[in-house]
Amino acid sequence: MIQKKICLLGGFAVGKTSLIRRFVAGAFSEQYQTTIGVTIEKKTLLAGDQDVTLMIWDLYGEDDFQKMRESYLRGSSGYILVADGMRRTTLDTAEALHQLAQSTLGPVPFVLIVNKADQLTEWEIDEATLARLRHNGWLVFTGSAKTGDGVSELFLRLTQTMLDAA
Amino acid sequence: MNQPRSSNQPPSTETTASPQLRQEWAELRTLLLAPEQTQLTELRDRIDQTEIDARSVGNVLAEAIALRGKQDERLTAALTPHVQTALTSSVRRTPHVIAEAIAPIMGPAIRQAIVHALQGMMQSFNQTIDHSLSLKGLAWRIEAWRTGRPFAEVVLLHTLRFRVEQLFLIHRDTGLLLHHVASDTAVIHDQQLVSGMLTAIQAFVQDTFNTQRGQTLNTLEVGECRLLIEQGSQAILACVVRGTAPGYLRAQVQQTLESIQLDYADAFAAFDGNPSGFDATHDRLMECIQTQYDTPRTTISPMTWATFALIFFAIAFWSWTSYQSNQRWQRMAQNIRAMPGIVVTTLERDGHSITLEGLRDPLAAHPEELLAEEGIPREHINAHWTPFYSLDPQFVGERATLLLHPPETATLHYNDGRLTASGTAQENWAIHARQVAALLPGIHEYRDEDLRVVSRADLIAQLNRTSFSFESGSSTLSEQELSKLAPVQRLLEDLRQSARVASGGARIVVEVIGDADPAGPEIMNFLLATARAHAVLAALGGATAYPPLTLSASVEPTSLTGQKRGGTASTPNARRRTTLLVTIKQAVSHSDSAP
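Taken in sequence, the protein lines are chains B and E. 111 is the number that my numbering gives to position 111 of the first sequence; each next residue is one higher, with no gaps. 234 is the number that my numbering gives to position 234 of the second sequence; each next residue is one higher, with no gaps.
Since the hints were derived computationally from the structure, they do not count as laboratory data. Mixed in with the good hints there might be a few duds.
[Stated by the list, open to error] Computed cross-link-like contacts, DSS-like style, restricted to lysine-lysine with a CA-CA straight-line distance of at most 30 Å:
1. K484/E <-> K43/B
2. K42/B <-> K146/B
3. K585/E <-> K484/E
4. K146/B <-> K43/B
5. K42/B <-> K585/E
[Said to hold, decoys possible] Beyond 12 Å from chain B on every Cβ pair, some chain E residues (computed):
6. T85
7. D190
8. S319
9. L347
10. A457
11. H534
12. A538
Keep in mind that this is a model prediction, so the values were computed, not measured. Quick reminder that beta carbons are idealized off the backbone N, C-alpha and C, glycines included.
Taking the hints into account, I'd like the entire structure generated from these sequences.
This is the structure:
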C-alpha cells in the first residue's frame with residue numbers, strides 16, 4: 001500500500017477542515033471550529049487498481065495574522081488549494097499559497113476547489129476567472145463540503161495525478 | 001470439401017476431365033469460394049501461430065515476470081487479487097494442502113507465541129505475589145481499587161524500571177510511517193497518524209524556536225511515558241518508553257537508526273510512499289523492544305516479618321490458651337467427679353455450654369458453684385441432678401445429726417458405720433435416738449454408753465437440795481460456796497434443755513430463796529435474806545441466764561421458816577443460807593412443785 005502526504009491550503013474559513021471531514025468521515029458540521037496549527041487525518045482510497053493511503057494535513061487558514069509554515073508543507077506529494085466562492089480574496093490567497101508551495105515543494109501536483117457551491121448565487125468568483133486558471137493548467141473543481149458535491153472527485157483526481165506523476 | 005459423395009452422384013469430372021477442364025474448374029472454384037478459402041487459410045495460420053506464441057511466451061514467462069516486477073508494483077497489484085482468489089479457492093477446496101505447506105512455519109511461531117505469553121504471565125504473576133504482602137503492595141491495592149485497574153497491572157507499572165513499548169520508523173521529509181513495531185502489552189493507536197503528528201510537532205518546534213540546523217526535538221515526556229526521538233538524514237526513529245529509560249537506550253536507538261539508513265539507502269532514495277521496502281527492518285527494530293523490571297528483593301520485608309511474627313504469636317497464643325483451657329477443664333472435671341456426694345454420669349463441653357448430669361446427695365456441695373468459681377457463667381451451665389443418699393461418712397454423720405437433732409448437751413459422732421452419742425440428753429431423746437439411728441442409711445451400729453441420760457424430776461430434786469451457806473451477817477459467798485456454783489449451773493443447763501423439749505406449755509420457775517437467823521431485828525434479817533438471794537442469783541448468771549427457765553429471788557418469811565420448801569425449823573446456822581426451789585407451773589394458773 002502506498003502512502004501519500006497531501007496538504008490543504010487556503011485562506012481563513014474557506015472550509016478546509018469541513019472538506020476533510022466530509023471526505024474522511026462523510027460528515028459536516030455547521031459549527032465553525034478554527035484549526036490551530038495542524039491536524040492530520042488519514043483516508044485510504046482505491047485509485048485505479050491501487051490502494052493509496054492519504055495522510056491529509058489540515059493546515060490552519062492563512063490570514064493577516066498567521067502565515068503558513070513552510071515546514072508543514074515539506075514532503076507533500078501534492079496539495080489542494082481551497083477557496084471560498086463567496087469571497088474573491090480567498091482565491092487570491094490560494095494563488096499566493098500556490099506560489100509558496102511551488103517554491104517549497106517544486107512542481108508537485110495540485111488541485112483547486114472553490115468551496116461552498118451550495119450557495120452559488122452568492123459567489124463572487126465568476127466562471128471566467130476559473131476558466132483563466134484552467135487555461136493556465138490548473139485543475140479546478142467547484143464543490144461543497146456541506147453537500148459533498150465534488151469532494152470525493154477532488155481527492156481522487158489529486159491522487160491519480162500524484163500516482164501518474166510518480 | 002472432403003465430404004463423401006453420395007453413391008448416385010456422377011463420377012468426378014476432375015479425374016476424368018481434360019487439363020483445360022480442370023483449369024476451368026479451378027477458376028470457377030476460385031471465383032465461387034475465394035473469400036471462404038482465404039478465411040480458412042487465415043484461421044489455420046492463427047492456430048499454428050497460437051501454439052508457437054504460447055510456447056515462446058512460456059519460455060520467457062518467468063524472466064518476463066521478474067523483469068516487470070523490478071520496474072514497479074503494477075504486476076503485484078495486478079496479480080494480487082488473482083492470487084488471493086486462487087488461494088481462497090484452494091483453502092476452501094483442499095485446506096490440508098495449505099495447512100501442510102505452512103505447518104513448518106506456523107508450528108514454531110505458535111509455540112514461540114505461547115512461550116512468550118506464558119513467560120509474560122508468569123513474570124506478571126511473580127511480581128504480583130512478591131508485592132501482595134508488602135506495605136507498598138497495600139498502597140498499590142488501594143491505587144488499583146481507586147483507579148479501577150487490575151492489581152497485576154498496577155504492580156507491573158510500579159515495578160517496571162522501563163519498557164520500550166513502540167518504535168516508529170518515520171520518513172523524515174514526508175512524515176510517512178515506514179515501519180512500526182510494538183511490544184505485546186503496548187496500547188497501539190493509529191501509528192500512521194502518530195507518525196504524522198510527531199513530524200508536525202517536530203516541525204512546529206523547529207520553526208517556533210528557530211533552532212539551529214541539527215538541533216531537533218529529541219525528547220517528549222508525558223507522565224510515566226517518554227518519547228525518545230532520534231533524527232537522521234533520511235529518517236526519524238521515535239521510541240516510546242514507559243518508565244526510566246537507561247542511558248544506553250538512546251545510544252542503541254541511534255545506532256539502530258544509523259544502521260538502517262546505511263543499509264536501506266537505496267530504499268530511501270527510491271521511496272515513493274510505499275513502505276514495504278522497509279519491512280525487513282522489523283527484526284532490527286524489535287531488538288530495541290525490551291523490558292526491565294526492578295531487581296526483586298532477596299530479603300524479606302519487615303512488614304512480611306511482622307506479619308509472620310504476628311501469625312506465629314497468634315497461633316502460639318491460641319495454642320497456649322487452648323492448652324490452658326483444656327487443662328483447666330480437665331482439672332475441673334476431675335474435681336467435680338471427686339466431689340463427695342456427687343455421681344457424674346454426663347460431663348460435656350460444647351463450645352461455651354457445659355452439660356452436667358448425674359446423682360447428687362442433698363447435703364453435697366453444688367458442682368455449679370465450683371464451675372462458677374472458675375469463671376464459667378451460670379447461664380452456660382446446664383445441670384440436671386437426681387437426688388440420692390450418699391454413704392460417704394461425711395454425709396452419714398451429718399445426715400444423722402440433722403435427722404436425730406440431738407440437744408446441745410449431746411454430741412453425735414460417726415466413724416466407720418458406727419454412730420456414737422455422748423454428752424447429756426433427756427431420756428425421751430435418748431430412747432428416740434436409739435430407735436431411729438439404726439434405721440439411718442450407712443449406720444450399722446449405734447452406741448450411747450457415753451450419753452448421760454437425765455430426767456426432769458431428777459434434775460429438779462437435785463436442784464431443790466442445793467443450798468449456799470453464809471457467814472453471820474454476810475451476804476457474800478465464800479470460796480467454798482462459790483465452788484458449788486458450777487455443778488448447779490450444769491444442772492440448770494440440763495433442766496433448761498429439758499424445758500425446751502417439754503411440751504404442754506408448762507413453765508419451770510427456779511426460785512432462789514434467801515434466809516437469815518433470827519438474831520437481830522427482823523427487818524435487818526429480811527434485808528439480809530434478800531441480799532443473800534440476790535447474791536446467789538447473780539452468781540448463777542442472773543434471772544434470764546437459762547431461758548426458758550425463770551429465775552427469781554425471794555425471802556423465806558420468818559414465820560414460815562423452812563415451810564416454803566416444805567422443811568422444818570432448824571438451827572440458826574442452818575438458816576444463814578440460800579436455797580433453790582424449782583416449781584413447774586402450768587399455763588392455767590396451776591402450779592406443782594417437786595418433792
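Hint-by-hint comparison with the structure:
no.: 1; hint: K484/E <-> K43/B; result: violated, 144 Å
no.: 2; hint: K42/B <-> K146/B; result: holds, 20 Å
no.: 3; hint: K585/E <-> K484/E; result: holds, 27 Å
no.: 4; hint: K146/B <-> K43/B; result: holds, 19 Å
no.: 5; hint: K42/B <-> K585/E; result: violated, 140 Å
no.: 6; hint: T85; result: holds, 15 Å
no.: 7; hint: D190; result: violated, 7 Å
no.: 8; hint: S319; result: holds, 70 Å
no.: 9; hint: L347; result: holds, 87 Å
no.: 10; hint: A457; result: holds, 139 Å
no.: 11; hint: H534; result: holds, 135 Å
no.: 12; hint: A538; result: holds, 131 Å
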